[in-house]
Amino acid sequence: MAWLHTWSGLLLGWLLLAMFVTGTSAYFREEISLWMAPELHHSQPSPDTPALAWAALNARAPDAKRWDIHLPEARSPVAELRWQPDTPATEEGGRRRGERAVMDAGTGELLEPRASRGGDFLYRFHFELHGVPRLWARWLVCVATMFMLVAIISGVITHKKIFKDFFTFRPGKGQRSWLDSHNATAVLALPFHFMITYSGLLIFMVMLMPWGMNAAYEDGWRGFFQDVFPREEAPAEGGAAATMVDIAPLVARTRATFDQPVRRISVDWPNRDNAVIRVSTDKAPHITDQRRGGNPTLVFNGGNGELLETRPGDAAVPRAFRVYNLLVNLHLARFADPTVRWLFFLFGVGGTAMVATGMLLWVSKRTQQLRGKAPGFSLRLVNGLNMASLTGLFAAMAAYFAANRILPVELAARESWEIRVFFLTWLLALGHALLRPDRRGWIEQLATISVLWAALPVVNMTTTDSHLFSAAGWRHGALAGFDLVCLMLAGAWGYALWRVARKAPVPARKPGARPARRAAPARAAEDGA
Amino acid sequence: MTVITVTLPLTLAYAGLTALALAMKRHHEAALGAKPPPARLRAFRIGGWVLIALMVASCLRLWPTGLALSMALGLITLAGLPLVFLLPYRPRLMVWLAPILPVLAVIATLILT
Amino acid sequence: MFTSLFQRLAVSPAIGVASRTLAAVFGGYALAACATTALALWLPAAPATAVITANLLSFLIYTLAVLWAFATRSAVRAWVGVLAPALLLAALAGLGGAGNPF
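Residue numbers (this note's numbering), protein chains in the order written: chain A, 1 to 529; chain B, 1001 to 1113; chain C, 2001 to 2102.
No lab work stands behind these hints: they were computed from the structure. Quick reminder that beta carbons are idealized off the backbone N, C-alpha and C, glycines included. Incorrect hints may appear among the rest.
Unchecked claim - Examples of chain A residues toward chain C, derived with CB under 7 angstroms: (1) Leu149; (2) Val150; (3) Leu201; (4) Met207; (5) Met209; (6) Trp211; (7) Gly212; (8) Met213; (9) Ala215; (10) Asp227; (11) Pro318; (12) Phe321; (13) Tyr324.
What the hints assert, rightly or not - Only some residues are given here: those of chain B computed to face chain A with a beta carbon under 8 angstroms: (14) Val1003; (15) Val1006; (16) Ala1021; (17) His1027; (18) Leu1062; (19) Gly1066; (20) Leu1067; (21) Gly1074; (22) Thr1077; (23) Gly1080; (24) Leu1083; (25) Val1084; (26) Leu1087; (27) Pro1088.
Could you build the full structure based on these sequences and the hints that come with them?
Put into structure tokens, the structure is as follows:
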């Protein structure tokens, strides 16, 4: 069983590390995306925003098939306008191609943020990697998740003194300390780790375990989803052209009816005589709610503003669904207010620390067993890969963010270039790690990322006007928060560097053996709001 | 939910976990001195579990059931982290914080909410 | 001579591990899939509820199967312990009306 734990953890540990780091950053993906789009930083929501959005869409896409407006909210200060042009054959295997624009919520001006995947790149990397065919990537990620689930459970079974050693941490004792760190981050946060792993599998359950659905429903998962989320179909044809009412009174009425801020407006067949307007608000968040839909909504006739339907929100959810929703919502940290979001972020950091300490422990243990002899190929390989997937990944992320500021805005294929910078940096780090998989290599990489992450706020300051020393940077928590987290990370790496460099390299043959670091979970913290 | 709201369950969890840690001979000796009588260890263990139960109850009062249980698990974890690091470095501080923190949390909650 | 080679392979630890791994990965998945299907069809609830309950349990079943495959005394027991319940559940599923799952 200990064997199972070690190997199920090690073999895919590097992938799991990358998943944890990107997943943790994804808790703040909207904030990261905002930081990476400085053109949007001056947007400030106002009561006129719905009317401005209405006017903008009327100007830009008056005869679209469908409009969708997402009004500003705490995590995003701009209005997002989406529409589907009225062209035939817009469906492509269930995904409709639409168009979108971003609008300044205060002035109504359509903004052109620099082309960037923003925080979504990291979020998608978390479960789809990049550059790999989508299905293969998701399967690989799910296989890694299964490995982790097996590692967790076998870890609990293996750890015979799990309760006796619950609080044990013995710093400064080399391998023993790594083991204690691994135990501490793993055991203390066991509920979180189990939840995040199991819920990760549940999120992909249609791909992984469709057999139940296939058996119980004629058309498999489609039948299942139609049963659970009956979709209302919009009328297939637009009517004759007609004028539509103003949106402002409808927004006010919806807000008054549900006593919640209006979040979303969608219109089927705008500017036609069969236009239908749906105005939805936030819903009081319940952690067992469905992911999509169920928001309190008022449905209006587009031509005369007459109220057609009132939907107060979700009906009672069956118990089994509540469990599913709970787990999935926990994984995604949905309905999390800022405090809870930071808590989840911390847990993600803890998870990263758990995987990292496990991998470093493996190296430390084998190194100790060598008793001063030179390390063999597999040990150097594991050490090098550890470095690449930890410090290397963070170097790549810093480069990605820096590229967002440094690459010219008009550069063609800018999005791809930012991503290329990410991977090129990672590749460089991998190369370096494999060439120098020892203490010197760790020192060099730690030094590099300390500098890189500390440089990010400086780069921000020289390329935009929303930084730590400007008013704009503090107007929206995400912006200053991002820079501050960069500085904290740089500090953490600097501290780690100091600890590694401080330990006298008496046996030059003790590669990769680092003294125990304090506060391992506070390490590897990510950017955020 | 503000930061203030979570301080009470969080500090109760810390106090409970500290008590449970002190119920173990090894940690008790490290923090409070040698040779604890078994009765005292048992008292710490019972006290620790009572505090944890109180903490879960406070979560259930603050949030709906599903969320409350999740938050309880999460906060216990969080409370354990400083404990694990204080124990080897500053065991006496760890012990003193156990009664002080919940009291501060109660005061903060009463004043600021 | 041929027999002894076969016998040597049969008791070699590497083969044992490989065999258990196959039992765990593929046999375990088969067991979980059969269990999911059987549960989805036989649980006394609305179809959607039955399906989701089955899915909620499926990964736990898979993990337990993996643990069994490695914890049990021999590779043979690993396979039997995984495939026998799988076949049973498949039969149950068939009785419940499952056709060809693909």
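Out of the numbered hints, which ones does the structure contradict?
Those not satisfied are hints 4 and 18.
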